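Trainee: Listed below, chain by chain, are the residues.
Protein chains: 4
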Amino acid sequence: SKYEYVKQYEADDRLLPGCWIVVRLDGKGFTKFCDLHGFEKPNDERALRLMDEAAKARASGRSLRRGAPRPCRCCRRSPHAPGRALLLPQAVMSEFQDVRLAFGESDEYSFVFARNSQLHGRRASKLVSLVASCFSASYVRFWAQHFPGTPLAATPMFDGRVVLYPSNHTLRDYLSWRQADTHVNNLYNTCFWALVKSGKSTGEAHEQLRGTLSDYKNELLFSQFGLNYNTLPERFRKPASCGCGCLVAVLQGSIVIRQRVMHVKQTADGGTKEKERLEPCVLHCDIIRDAFWAQHPELLA
Amino acid sequence: SKYEYVKQYEADDRLLPGCWIVVRLDGKGFTKFCDLHGFEKPNDERALRLMDEAAKARASGRSLRRGAPRPCRCCRRSPHAPGRALLLPQAVMSEFQDVRLAFGESDEYSFVFARNSQLHGRRASKLVSLVASCFSASYVRFWAQHFPGTPLAATPMFDGRVVLYPSNHTLRDYLSWRQADTHVNNLYNTCFWALVKSGKSTGEAHEQLRGTLSDYKNELLFSQFGLNYNTLPERFRKPASCGCGCLVAVLQGSIVIRQRVMHVKQTADGGTKEKERLEPCVLHCDIIRDAFWAQHPELLA
Amino acid sequence: SKYEYVKQYEADDRLLPGCWIVVRLDGKGFTKFCDLHGFEKPNDERALRLMDEAAKARASGRSLRRGAPRPCRCCRRSPHAPGRALLLPQAVMSEFQDVRLAFGESDEYSFVFARNSQLHGRRASKLVSLVASCFSASYVRFWAQHFPGTPLAATPMFDGRVVLYPSNHTLRDYLSWRQADTHVNNLYNTCFWALVKSGKSTGEAHEQLRGTLSDYKNELLFSQFGLNYNTLPERFRKPASCGCGCLVAVLQGSIVIRQRVMHVKQTADGGTKEKERLEPCVLHCDIIRDAFWAQHPELLA
Amino acid sequence: SKYEYVKQYEADDRLLPGCWIVVRLDGKGFTKFCDLHGFEKPNDERALRLMDEAAKARASGRSLRRGAPRPCRCCRRSPHAPGRALLLPQAVMSEFQDVRLAFGESDEYSFVFARNSQLHGRRASKLVSLVASCFSASYVRFWAQHFPGTPLAATPMFDGRVVLYPSNHTLRDYLSWRQADTHVNNLYNTCFWALVKSGKSTGEAHEQLRGTLSDYKNELLFSQFGLNYNTLPERFRKPASCGCGCLVAVLQGSIVIRQRVMHVKQTADGGTKEKERLEPCVLHCDIIRDAFWAQHPELLA
Ligand SMILES: Nc1nc2c(ncn2[C@H]2C[C@H](O)[C@@H](COP(=O)(O)OP(=O)(O)OP(=O)(O)O)O2)c(=O)[nH]1
Ligand SMILES: Nc1nc2c(ncn2[C@H]2C[C@H](O)[C@@H](COP(=O)(O)OP(=O)(O)OP(=O)(O)O)O2)c(=O)[nH]1
Ligand SMILES: Nc1nc2c(ncn2[C@H]2C[C@H](O)[C@@H](COP(=O)(O)OP(=O)(O)OP(=O)(O)O)O2)c(=O)[nH]1
Ligand SMILES: Nc1nc2c(ncn2[C@H]2C[C@H](O)[C@@H](COP(=O)(O)OP(=O)(O)OP(=O)(O)O)O2)c(=O)[nH]1
Ligand SMILES: O=P(O)(O)OP(=O)(O)OP(=O)(O)O
Ligand SMILES: O=P(O)(O)OP(=O)(O)OP(=O)(O)O
Ligand SMILES: O=P(O)(O)OP(=O)(O)OP(=O)(O)O
Ligand SMILES: O=P(O)(O)OP(=O)(O)OP(=O)(O)O
Ligand SMILES: [Mg+2]
Ligand SMILES: [Mg+2]
Ligand SMILES: [Mg+2]
Ligand SMILES: [Mg+2]
Ligand SMILES: [Mg+2]
Ligand SMILES: [Mg+2]
Ligand SMILES: [Mg+2]
Ligand SMILES: [Mg+2]
Ligand SMILES: [Mg+2]
Ligand SMILES: [Mg+2]
Ligand SMILES: [Mg+2]
Ligand SMILES: [Mg+2]
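These protein sequences, in sequence, are chains Z, D, W and Y.
Throughout the first sequence, residue numbering follows my numbering, covering 21 to 321 in sequence.
Throughout the second sequence, residue numbering follows my numbering, covering 21 to 321 in sequence.
Throughout the third sequence, residue numbering follows my numbering, covering 21 to 321 in sequence.
Throughout the fourth sequence, residue numbering follows my numbering, covering 21 to 321 in sequence.
The shape of chain Z in the complex, shown without the other chains (with noise of 0.2 Å):
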């Protein structure tokens, strides 16, 4: 028609190739959410386990996993698994091969694609509209399996942004911000809540953690909560190597990586066949030092 030409005004937005692309999303307005859908503070377990939904869940109609998936390379423990089977889920990881490597903290989720993916021609609106929808749309999905007896109040939103970076070493490094972030984070926010569970108001709290170190804070917990943050069950502490229990996620973040994972399919005669199938697990590993890269060399190949 005489109004074709204005497709032309739609800009090339093709990414540059040969580098690493990041698209990171964060929850729109969650303090506000979080308080809405009444959250523990200062970290909700379901909400980490559905963000995790959200990022890796995938199709499983057909086959059911047996038991847990293998364990971890780098700390041999099993990654956790799902508590039941999905009926045809399909998230961010499933939906987009081309996802290496996913990490997750807080309200935030950031999406490794490999350096040389053509997925949709490295158009950038494409990559960050799809993935914000996709891991929008899943968490909604998803929400009642997580949060049961607690409807939806509000709809949650997602911004996305594109990231790119041209070697392994600022990807590591970007990996590295993220996780740093997390552990400051935590720390800060444990404090806090404890602060503010034992009485004193979030003015206080702020006030008395302000411009504190690291230090102050695991003996703020050690003496006036009987916290100490390094004797604590492995799985609330932020491991040496990894560890694949739930409260650590709110420690280290949660890494997704595809892993081998053992599928057991009905077969036409009514027997079982056994098939390993590469799937997308939950880790809790230490990402900024370099054990795990060398285990999983595969990542950045």
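FYI, nobody ran anything at the bench for these hints, they're computed from the structure.
Be careful, since some hints might not be right.
With a straight-line Cα cutoff of 30 Å, these simulated DSSO-like cross-link-like pairs (lysine-lysine) come out [unchecked claim]: (1) Z:Lys146 with W:Lys27; (2) D:Lys146 with Y:Lys27; (3) Z:Lys285 with D:Lys52; (4) Y:Lys295 with W:Lys52; (5) D:Lys27 with Y:Lys27; (6) D:Lys146 with Z:Lys52; (7) W:Lys52 with Y:Lys27; (8) Z:Lys61 with D:Lys22; (9) Y:Lys61 with W:Lys27.
Far from chain Y by the CB rule (all over 10 Å, computed), these chain Z residues [claimed, not checked]: (10) His57; (11) Phe116; (12) Pro171; (13) Trp197; (14) Phe212; (15) Ala225; (16) Asp235.
Fair warning: this is a prediction, and the values are worked out from it, not measured in the lab.
The beta carbon of each residue, even a glycine, is placed where N, CA and C say it ideally should be.
Based on the hints, put chains D, W and Y with the ligands in the right spot on chain Z.
Mentor: Structure of chains D, W and Y with the ligands alone, referenced to chain Z:
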């Protein structure tokens, strides 16, 4: 932290000021998604209404709409009102007050932001990701209301893009482009499915329609299927000015603009108070000709 | 060859259609360059004329201009004519026929391309680099004509940028911004150098002028230096409509537009033939008020 | 002023950090420009040396180079030295200290900026316009030295573009792409002009060469024109490692890198003092194979 430098890799993607910002969403792989959920062909009214809902639904917890919204200024008819009060829904036009106008057809929706909108500093990826996220989350959230009895069997996703239009003229041409596309596609699809329902294979139907003009297709509907496209009940036709029946949505697409709607609020002393509020309403007008724009001068002001 | 894939790393930088394209050049380190070549302070007429030349000069090998170009339509005065016929020079406005208008002041020049120009597919880097290249090469080429006896002692360089303006209104505001800047800077510089020539140090001069208003500076020129800025010969003043004297260039900046100019061509039989041609001419009008634009409606058409 | 808001229409065009920045210039319409100035076909040594000059010339007013620069580390030969001391010239590699390496051939030149260069905040239009401006102004400025007796009859212009390469590997492939292009074009052009000089029309010459391989062209030069491309004096051939003769520039292109050059400075007491300085020097090496890069590890460091 020493990793913070990676933040500098984020590009500044602020959009040129002074231009109309259009965010267009389009369902990903909806050919398959529609099949999977048994959508009626060629136009499933439930699906179209769900799209409209995701585009416009708004919070209404504290007050109830009193009957239908005011009649449309151009056609003197009432826009169709949602059948039930929605509990605190939030969707694109309610969430983003800077959206002046939206246009939807098939599996796509375009949102027009005010040319001087400063929302999120006009950052392209913020806008496109948030709109896609809000729409997708709302689509899932409102699914059950529009498809009672049909469980969601896949995650609906929408890609998004941002396009700038520097003048009123080019913006109107954009909207005309989308509406003309609706007309053409709908006439084709109506013929196509009429042929298929009459026993043709899809290949044969395509073959018969290939390269034909509007006149041929209108004639076909009349002579072969007893439908006179021009003597159909008004709501099925592309009307001279504006028709507010639901099936016309199929033909004209859905135009969403903010109209004054009367609300009744409970007062503290048990009485009620009326208040007129601007609220996103769906129309099915012709927006190619000047009449609509003359009637709604505030849209381009 | 197997290396050709690297071409894909080139980004598409086509500019949004339908917008005015402004390319602004600015001399790099001209504070030093002007010093090195002993430019007069604050305004060196030779330098300004050389800038104008680089902005507009054109091929004229085959015909000679007959006297002055037609008088300006708004002020009825003649634009100043170059003193001599140039041998086949080519500069920005002659090279780029899509440039509608240019505005120069100090060490900068802005070139306005027609809003629908398709030159080089509207590729930003093509436009900005070619304009900078053409201007710089012309500046060196014409140097000796404007600075006879002063050899070029450094390579003059100009940085460039592209800015889009979506409407006539914003384009005019852009040009008003540059011209208002000329007014303000010139009044300041005239005072500053008058103070310095009267014996003040540059530091003292800056100090005395810091934060002062126009009135103060006009008064200073009048009372201390015997200059009444408002009773100066017209060419030295910022005129009500338009003044074509050279020194006004200093105040109003240089506006270059295409005007009809009479040319005399030698015919084969030894006679002559007159022909009117559009040619870039320099004016020193006010372009902030409406009068100029009313007189030149073709500029924004 | 109230117009200042227009500054906000300038887009932020900072280039992604951590990538090699390549600025490539290419002469605009040089087919015509070369013709107009009677350049030798296919390769005019004066023209190529002028290009090299515009790429690398530097200030040398205060000291004189002592003989030839140090021999090339890879081929043990001396880069060719300019025939005379230039008076205060400034050209691209001297002006832009962040340029690590340049490569020139025909009417084009590529400049490689250090991957972490912060020059002009990595703003793309600043870089591309300044390089184009500096090169073009220098080309005009040095013209008379390289073309004595040939007045400049048109303004030489160069378009520019910026391309990012995220890794050493892709940067080397870029440079290999340009050098392989030089090889192929030169063999073609040598054959083409040999055929034309032997009496063929340009159409016939093109026809005869169309689609032929290197072997055919080498054989043609040998059998028809008595030239054995492989037994030519080394400087005419594409050498195994590096040849520094001038005509090889034609074949290998010009590589400009910074080398230590001995300078002699006059001291206050009338004596002299030697000082080694890094200075841009032209080589004609193979840069496709590893040898060159092994010899110059600092280039990619
Ligand atoms: N109570 C609770 N709050 C959480 C949890 N996870 C995240 N949040 C809250 C804490 C923060 O207020 C908020 C995340 O911080 P952001 O900087 O993303 O702020 P917010 O999303 O409010 O604003 P934004 O739209 O991102 O600028 O979400 C949780 O597990 N429990
Ligand atoms: N049966 C039925 N199909 C519909 C309805 N609305 C949209 N669709 C289908 C028809 C088309 O196959 C599809 C929309 O066309 P698109 O060009 O957007 O293709 P699709 O979404 O499959 O692929 P895409 O990911 O957008 O490239 O959605 C409806 O109401 N009923
Ligand atoms: N003496 C004299 N100086 C002039 C004339 N025209 C321009 N200039 C000088 C005055 C300013 O110092 C300089 C222009 O100011 P800019 O802000 O462009 O600074 P500059 O070019 O030094 O630095 P830049 O590389 O543009 O950031 O050029 C003139 O006619 N006479
Ligand atoms: N005779 C002669 N011609 C040369 C020499 N160096 C370059 N040229 C000519 C050959 C080509 O026609 C032209 C370079 O080819 P381009 O593809 O850059 O084309 P051109 O500059 O004409 O057009 P463009 O504006 O770059 O698209 O310059 C030389 O040394 N001698
Ligand atoms: O943590 P971020 O990157 O989201 O930081 P922010 O302060 O929320 O800034 P932005 O406006 O970029 O989301
Ligand atoms: O209708 P559109 O604009 O989505 O057209 P498309 O052919 O789907 O192309 P795109 O890859 O831009 O979505
Ligand atoms: O006058 P401008 O726009 O050149 O302003 P500037 O302060 O020189 O800034 P820039 O770094 O954008 O040239
Ligand atoms: O050799 P290039 O890259 O200049 O190729 P081109 O065919 O001249 O194309 P362009 O329009 O990008 O200069
Ligand atoms: Mg944020
Ligand atoms: Mg948030
Ligand atoms: Mg957050
Ligand atoms: Mg599409
Ligand atoms: Mg679709
Ligand atoms: Mg569609
Ligand atoms: Mg500047
Ligand atoms: Mg300057
Ligand atoms: Mg300046
Ligand atoms: Mg080219
Ligand atoms: Mg060329
Ligand atoms: Mg070329």
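Trainee: Would you mind marking each hint as holding or not holding in the structure?
Mentor: Evaluation of the provided hints:
1. A distance of roughly 23 Å separates the Cα atoms of Lys146 of chain Z and Lys27 of chain W; the hinted pair therefore holds under the 30 Å criterion.
2. Note on Lys146 of chain D and Lys27 of chain Y: the hinted pairing holds, with a Cα-Cα distance of about 23 Å set against a maximum of 30 Å.
3. A C-alpha spacing of about 25 Å is found between Lys285 of chain Z and Lys52 of chain D, which places the hinted pair at or below 30 Å, so the restraint holds.
4. With a C-alpha separation of about 28 Å, the suggested pairing of Lys295 of chain Y with Lys52 of chain W holds against the 30 Å cut-off.
5. About 25 Å separates the Cα atoms of Lys27 of chain D and Lys27 of chain Y, which keeps this hinted pair within 30 Å; it holds.
6. For the given pair, Lys146 of chain D sits about 19 Å from Lys52 of chain Z by alpha-carbon distance, which is consistent with the 30 Å threshold.
7. Taking the CA atoms of Lys52 of chain W and Lys27 of chain Y, the gap is near 26 Å; set against the 30 Å cutoff, the hint holds.
8. Between Lys61 of chain Z and Lys22 of chain D, the direct Cα distance comes to roughly 28 Å. Compliance with the 30 Å bound is thereby established for this hinted pair.
9. For the given pair, Lys61 of chain Y sits about 28 Å from Lys27 of chain W by alpha-carbon distance, which is consistent with the 30 Å threshold.
10. No Cβ of chain Y comes within 10 Å of the Cβ of His57 of chain Z; the nearest lies about 38 Å off, and the non-interface call holds.
11. A cut-off of 10 Å between C-beta atoms confirms that Phe116 of chain Z is not in contact with chain Y; the least separation is 21 Å.
12. Look at Pro171 of chain Z: its CB is around 43 Å from the nearest CB on chain Y, clear of 10 Å, so calling it non-interface holds up.
13. No beta-carbon of chain Y is positioned within 10 Å of the beta-carbon of Trp197 of chain Z; the least distance is around 14 Å.
14. A cut-off of 10 Å between C-beta atoms confirms that Phe212 of chain Z is not in contact with chain Y; the least separation is 34 Å.
15. The claim that Ala225 of chain Z lies off the interface holds: its Cβ sits roughly 38 Å from the closest Cβ of chain Y, which is beyond the 10 Å cut-off.
16. The claim that Asp235 of chain Z lies off the interface holds: its Cβ sits roughly 34 Å from the closest Cβ of chain Y, which is beyond the 10 Å cut-off.
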